[in-house]
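S.K.: Okay, here's what each chain looks like letter by letter:
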Amino acid sequence: MRVAVIGAGVIGLSSALCIHEQFHGLVPSLELELYADCFTPHTTSDGAAGLWQPYLSDLGNLQETLWNKETFDHLLRHLHSPAAQEMGLFLLSGYNLFTEPVPDPSWKNIVLGFRNLTPKELELFPGYSYGWFNTALMLEGRSYLPWLTNRLTQRGVKFFHKKIESFQELFSQGVDVVINCTGMRSGDLQPDPELQPGRGQVIKVLAPWLKHFIITHDVKSGIYKSPYVIPGSEFTVLGGIYQHGNWSKENSAQDHKTIWESCCRLLPPLQKAKIVSEWSGLRPSRPWVRLERESIRDGNVQGEVIHNYGHGGFGITIHWGCAMAAARLVGSILQERGKVASSPQPRL
Amino acid sequence: MAAPKVAVVGAGVIGLSTALCIVETCPSCSVTVLSDQFSPNTTSDVAAGMLIPHTYPGTPIHVQKQWFKETFTYLFAISNSAEASEAGIHLVSGWQVFKSTPEEELPFWSDAVLGFRPMSEAELQKFPQYRFGQAFTTLKCDCPPYLLWLEKRLKATGVQMYNRKVSDLWELCSEYDIIVNCAGIGAHQLVGDKKLFPVRGQVLKVYAPWVKNFIRDGDGLTYIYPGIHRVTLGGTREKESWSLSPDPGTTKDIFDRCCSLEPSLQEAQDIKVKVGLRPSRQCVRLQREVLSQGGVKLLVVHNYGHGAGGFSVHRGTAKEAARLVGECIAALQSSSSGAKL
Numbered sequence: 001m002r003v004a005v006i007g008a009g010v011i012g013l014s015s016a017l018c019i020h021e022q023f024h025g026l027v028p029s030l031e032l033e034l035y036a037d038c039f040t041p042h043t044t045s046d047g048a049a050g051l052w053q054p055y056l057s058d059l060g061n062l063q064e065t066l067w068n069k070e071t072f073d074h075l076l077r078h079l080h081s082p083a084a085q086e087m088g089l090f091l092l093s094g095y096n097l098f099t100e101p102v103p104d105p106s107w108k109n110i111v112l113g114f115r116n117l118t119p120k121e122l123e124l125f126p127g128y129s130y131g132w133f134n135t136a137l138m139l140e141g142r143s144y145l146p147w148l149t150n151r152l153t154q155r156g157v158k159f160f161h162k163k164i165e166s167f168q169e170l171f172s173q174g175v176d177v178v179i180n181c182t183g184m185r186s187g188d189l190q191p192d193p194e195l196q197p198g199r200g201q202v203i204k205v206l207a208p209w210l211k212h213f214i215i216t217h218d219v220k221s222g223i224y225k226s227p228y229v230i231p232g233s234e235f236t237v238l239g240g241i242y243q244h245g246n247w248s249k250e251n252s253a254q255d256h257k258t259i260w261e262s263c264c265r266l267l268p269p270l271q272k273a274k275i276v277s278e279w280s281g282l283r284p285s286r287p288w289v290r291l292e293r294e295s296i297r298d299g300n301v302q303g304e305v306i307h308n309y310g311h312g313g314f315g316i317t318i319h320w321g322c323a324m325a326a327a328r329l330v331g332s333i334l335q336e337r338g339k340v341a342s343s344p345q346p347r348l
Numbered sequence: 001m002a003a004p005k006v007a008v009v010g011a012g013v014i015g016l017s018t019a020l021c022i023v024e025t026c027p028s029c030s031v032t033v034l035s036d037q038f039s040p041n042t043t044s045d046v047a048a049g050m051l052i053p054h055t056y057p058g059t060p061i062h063v064q065k066q067w068f069k070e071t072f073t074y075l076f077a078i079s080n081s082a083e084a085s086e087a088g089i090h091l092v093s094g095w096q097v098f099k100s101t102p103e104e105e106l107p108f109w110s111d112a113v114l115g116f117r118p119m120s121e122a123e124l125q126k127f128p129q130y131r132f133g134q135a136f137t138t139l140k141c142d143c144p145p146y147l148l149w150l151e152k153r154l155k156a157t158g159v160q161m162y163n164r165k166v167s168d169l170w171e172l173c174s175e176y177d178i179i180v181n182c183a184g185i186g187a188h189q190l191v192g193d194k195k196l197f198p199v200r201g202q203v204l205k206v207y208a209p210w211v212k213n214f215i216r217d218g219d220g221l222t223y224i225y226p227g228i229h230r231v232t233l234g235g236t237r238e239k240e241s242w243s244l245s246p247d248p249g250t251t252k253d254i255f256d257r258c259c260s261l262e263p264s265l266q267e268a269q270d271i272k273v274k275v276g277l278r279p280s281r282q283c284v285r286l287q288r289e290v291l292s293q294g295g296v297k298l299l300v301v302h303n304y305g306h307g308a309g310g311f312s313v314h315r316g317t318a319k320e321a322a323r324l325v326g327e328c329i330a331a332l333q334s335s336s337s338g339a340k341l
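Residue numbers (the UniProt record's numbering), protein chains in the order written: chain A, 1 to 348; chain B, 1 to 341.
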């Protein structure tokens, strides 16, 4: 059975790996291919700082909270493995800051050592009167994506540098299942008015003295519209831009000014930091992640599509839970086609 | 009386911070720093510079606490200013872990650092051999940056600094009115203090920029302290060892111990080995002394013997030493003849 993943960001690569890990041994005839027109270091995932942190509120979407938790736990288990450094995986502690008290987030028990900030700590951040401290994980795209690519290559997964124009294109070539991990450009394959760009811009600087992430929140404005500073293994990412509906991937001078001034106000030592680069990207935003199966039939061409897109600004945070869910959907397809023995219970 | 001439002997963290405090409290003084070593070759340059106090058995706890708080407050302000990166001061969070629950669950400094609390079960899972731990946020002074920043501030106020080995305080008697002895381990020879003894520390300074949290075994022997560019891995506490040569067996031992606390350190690059002799004493010698020789008196303020806790209390002891210098000046000025006592 041929399974084709479209997309080589964190979602596409991790879905491919998860599917291969789970079914390669069980289904000898499984052929896994990955198609993308864009690979690391040019994907949206590469621009992200890589901090594991969901949005403040899960909006009652328990499914996504579980996927976030699965991802964190999976990564935590890898923390002491020899691969951690190559994966770009490490622990990072830091601060979330607010101008007023807020309810605890859904992820307070997922991260390590979650607690409220003390008055003395808040002295560091004039203008903010409430906040959290916790230890979370960093998973840097520029290391993680190559690592995933290497694991897939080792497993014999074939990569194709190609822009896929339609699902049918792959079905007519004999692909049975397509995993649609096309992020922002999913609309090119199938219109989806729920999917909108959440444009972000970031400045990368050298600030090796910074050992904590600092994320401020303006609850009224919304997520990522308030300055944040996230130190990576080499560079520190400064951000705080979220423009819904803006498709531009050009750096904006106005946004640069906003980011720079607000981050320097937040953290005065940054004034001396050397700017290394600037980048804009489009968060593939959706009210909730589209992770579901769809049967596509177009004339005599048919196949199954498993959609896995719309992860907004929390793709890295949620990726493994989604990859597992996508793999489970592949599992159902395999069962239906008798490729895999069904579970001992009788089929309903 | 002409502006009092003060010589500070020693250019480690204690000498430089003491000189700065004297300049701040006595602007009319002429202050000169004399040392046979300057950064990057002082004992302070070997240390990680973490603000985690060492307990001196011979000093009242409330005094140590005062010194620590003063130092913490002073550095906290710098860490949040535009000078932070030049001064090498930054906040760092992490964990102190214990294989068996310590006698004292709350150290005297727990309310002086930030966010001090016991570690959660989930956090302890990262350290399978450890049963108890404390999480907190504290400050780190990276050297050479901090010492170079102190030197820069001193020079800006007109303080002169000379590379000079002082073998006997009396050498300085004709040029200076007050001598401030911040010679660290050098005081063993300089003033013949037999209560001062070295505690040899070997450390590794490695490139592992993904390590952002500190980890310290409560026994004080194994620690991982991330600095601006390098992570300091330690260490040893060898009493009465005067050897400044790195020992390769010790290097391997330190590396292994740190890797068992933080496995990702296996990937650390460019390992540099350093040795320092902690100038150890039951208590810091922070006192005035009037030396006498052939009718001539020499006013001395001692500020040495900080052992493993130099960075943690440096500003507090520097301020006290500056206060003692003030007392010396008052004593000089009250002398009826105006000539040296």
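Hints listed in this document are in silico derivations from the structure and should not be mistaken for laboratory results.
Since the structure is predicted, the reported quantities are computational estimates derived from the model, not experimental observations.
Glycine is no exception: its CB is placed at the ideal position from the N, C-alpha and C atoms.
Keep in mind that a hint or two might mislead.
The calculated SDA-like cross-link candidates involving lysine to any residue, where the alpha carbons are at most 25 Å apart (straight line), are [said to hold, decoys possible]:
#1 Lys225/A to Trp132/A
#2 Lys274/A to Asn80/B
#3 Lys204/A to Asn80/B
Listed next, with one range per pair, are the computed distances between beta-carbon atoms [as the list claims (entries may be wrong)]:
#4 Gln125/B to Glu31/A: 28 to 34 Å
#5 Gly156/A to Cys259/B: 30 to 36 Å
#6 Lys108/A to Ile271/B: 36 to 42 Å
#7 Asn109/A to Pro128/B: 42 to 48 Å
#8 Pro118/B to Trp279/A: 36 to 42 Å
S.K.: All hints are to be evaluated individually against the structure, with a verdict given for each.
M.R.: Okay, the hints, checked on the actual structure:
Of the supplied pair hints, the one linking Lys225/A and Trp132/A holds, its CA atoms being roughly 18 Å apart against a limit of 25 Å. Taking the CA atoms of Lys274/A and Asn80/B, the gap is near 17 Å; set against the 25 Å cutoff, the hint holds. At most 25 Å may separate the alpha-carbon atoms for a hinted pair to count; Lys204/A and Asn80/B meet this at roughly 20 Å. Between Gln125/B and Glu31/A the beta carbon distance is about 40 Å. The supplied range of 28 to 34 Å is therefore violated.
For the pair Gly156/A and Cys259/B, the supplied restraint of 30 to 36 Å holds, since their beta-carbon distance comes to about 33 Å. Our hint of 36 to 42 Å for Lys108/A and Ile271/B holds, since their Cβ atoms are close to 38 Å apart. The beta-carbon spacing between Asn109/A and Pro128/B, approximately 21 Å, falls outside the hinted interval of 42 to 48 Å. The hinted window of 36 to 42 Å between Pro118/B and Trp279/A holds, with their beta carbons roughly 41 Å apart.
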